[in-house]
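Engineer: So the protein lines, in turn, are chains A and B.
If you number the first sequence the way this note's numbering does, the last residue is 285 and the count never jumps.
If you number the second sequence the way this note's numbering does, the last residue is 1262 and the count never jumps.
None of these hints come from the bench; they were simulated from the model.
Here the structure is a predicted model, which means the values were calculated and not measured.
Be aware that one or more of the hints could be misleading.
[What the hints assert, rightly or not] DSSO-like mimics (lysine-lysine), calculated; alpha carbons at most 30 Å apart, straight line:
(1) K1172/B with K1248/B
(2) K41/A with K278/A
(3) K1068/B with K1248/B
(4) K1172/B with K163/A
(5) K1068/B with K163/A
(6) K1210/B with K1068/B
(7) K1210/B with K163/A
[What the hints assert, rightly or not] Just so you have them, the derived chain B footprint on chain A, three or more residues with Cβ under 8 Å:
(8) 78–84
(9) 99–110
Each residue gets a CB set at the ideal place from its N, CA and C atoms; glycine is no exception.
So the chains spell out like this:
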Amino acid sequence: MPHPLVVKAHPVRAESAICPRAVVADKIIVRDLGKIFEGRKSSTAALDHFNLDLIEGEFLCIVGPSGCGKTTFLRIIAGLEEPSDGTITVHRSGAGERPLNAMVFQEQSLLPWLTVIDNVAFGLEMRGLGRRERYARAQPHIEMVGLSRFRDYYPHQLSGGMKQRVSLARAFANDPEILLMDEPFASLDAQNKMILQEELLHIWETHRKTVIFITHAIDEALTLGDRVVVMSAAPGRVMEVVNVGFERPRQVAELHARPEFGELSLRIWRMLEGEVRKSRQSDAA
Amino acid sequence: MPPRKRPRLSHDAQERMLAVLSPIALLLLWQMLSSANFFDARYVPSPISIFEAGWALTQSGELWLHLKASTLRLVAGFLVGAIPGIVIGLVMGLNRFVRAALDPIVAATYPIPKIALLPLIMLAFGIGEGSKIAIVAIAVTYLALINTMIGVLAIDRIYFDVAKNFGAPWPKLFTRVIIPGALPLIFSGLRLSMGVSLIVIVSAEFVAAKSGIGYLIWTSWSMLVIENMFVGIIVITILGVVSTFLLKELERVCVPWQHTGR
């Protein structure tokens, strides 16, 4: 087993052959991205000269202290915020019929008035698909997250873990080119979190979509990602890109027990520690 | 020791039983006190004599006449008031300019007791059915409007983010996010409207009508036919209970996600 390496430049993955589309080395190119939130009294810089390259089909995790702008970056990619500065270039694959991205939110984001199947089919419905076709497409994704029995339930009848499974299914059912995940498991207890990480890994193995996964948990980033981007305190910049060499498919619990996992985790913590203190000081000020 | 017997009725059934039994017990007590001449029968008639009066009014067709008049005014006023109220409330909830323009007007005129406007409304709509429908409609409009606006404003931002992220076109955003998101509060506005409509219609019929349950109550009182007055009060109570029940059933159908248990 190869020892995980820490590198600043990103390597091009050779084994992307699983996705039949043409491999785009740089799926997303982010250059000098800046975001300033204008407040009444003062303005806050959430992102400043943020640069990042994403490879087609990779699972990229971003860790950083609270308020470092990682969620802002994701929301810009998702089209929910306008950048103040800089560019994002996305190389689209296919005829462009597929949606560019789908986001899995941190908080409860299922529509309370829709049943599980209607929530999963929501993106398809917005794209104008008829009921029969969107149900046919949503059904396998409900099965994929093991909730077939609950397809006609409303979200309030489900547990927290089940709701996040439905959110995952909703994002995958829309078949986006890029999957955006904003701390999707943050509100779950430790055991549920591990189970969902395992399931996400399993689903991702079969789809191999380009994923950007935001988290503040170093172990989660190392468990899931091909690369881990370490961000500085606000305004957020890329401090370091860590290449995670663990082979796939991965077993979450087994991975956590490895000494290399601990070493790498400690290394990232050393990088982050100062930034977390910095961001706490600026909070206090 | 023999195993303890399980209670034959569930807690729910027990509570339902009590809910039915307690008013019956109260009526029985009332009847007994009346029979014992505890009350002055001229002012507090016995339940049996009220029932007899009600029967007579039903047989003569008079009660149906009044009930029909009040119900028509209520239904017409409710529809004429609720529909524009919901529409304006939606626009105010969605557009901050419209909200900024209309909010002060609504806030300033809402506290006016609607019955105080009756003379003005009769000037505008005449002394016929129009003015009775109009006053119910005005009372309903405010509550429907305010609750719908708050309903739209209270929709969690995240649902708009979800719709935007999934590329929802405006009509779909409206029908799949905004309307269902506001629906629970729209319904609470309608429930409040229902109660206020009853107050308004009865008051209007007291003073400015030749038919209706309010008219029946008022004329029975002024001619000291107290049994008929009580019949009127009971009928308007039943009307309130039935309309609230119908609205609840409609809500159950329209807002199913709030009424399904685990």
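Engineer: All hints, please: hold or fail.
Structural biologist: Evaluation of the provided hints:
1. K1172/B with K1248/B: holds, 27 Å
2. K41/A with K278/A: Holds, at about 22 Å.
3. K1068/B with K1248/B: holds, 22 Å
4. K1172/B with K163/A: Holds. K1172/B to K163/A sits at ~23 Å (cutoff 30 Å).
5. K1068/B with K163/A: violated, 50 Å
6. K1210/B with K1068/B: holds, 13 Å
7. K1210/B with K163/A: Not satisfied, since the Cα-Cα distance of roughly 59 Å exceeds 30 Å.
8. 78–84: holds (count 3)
9. 99–110: holds (count 8)
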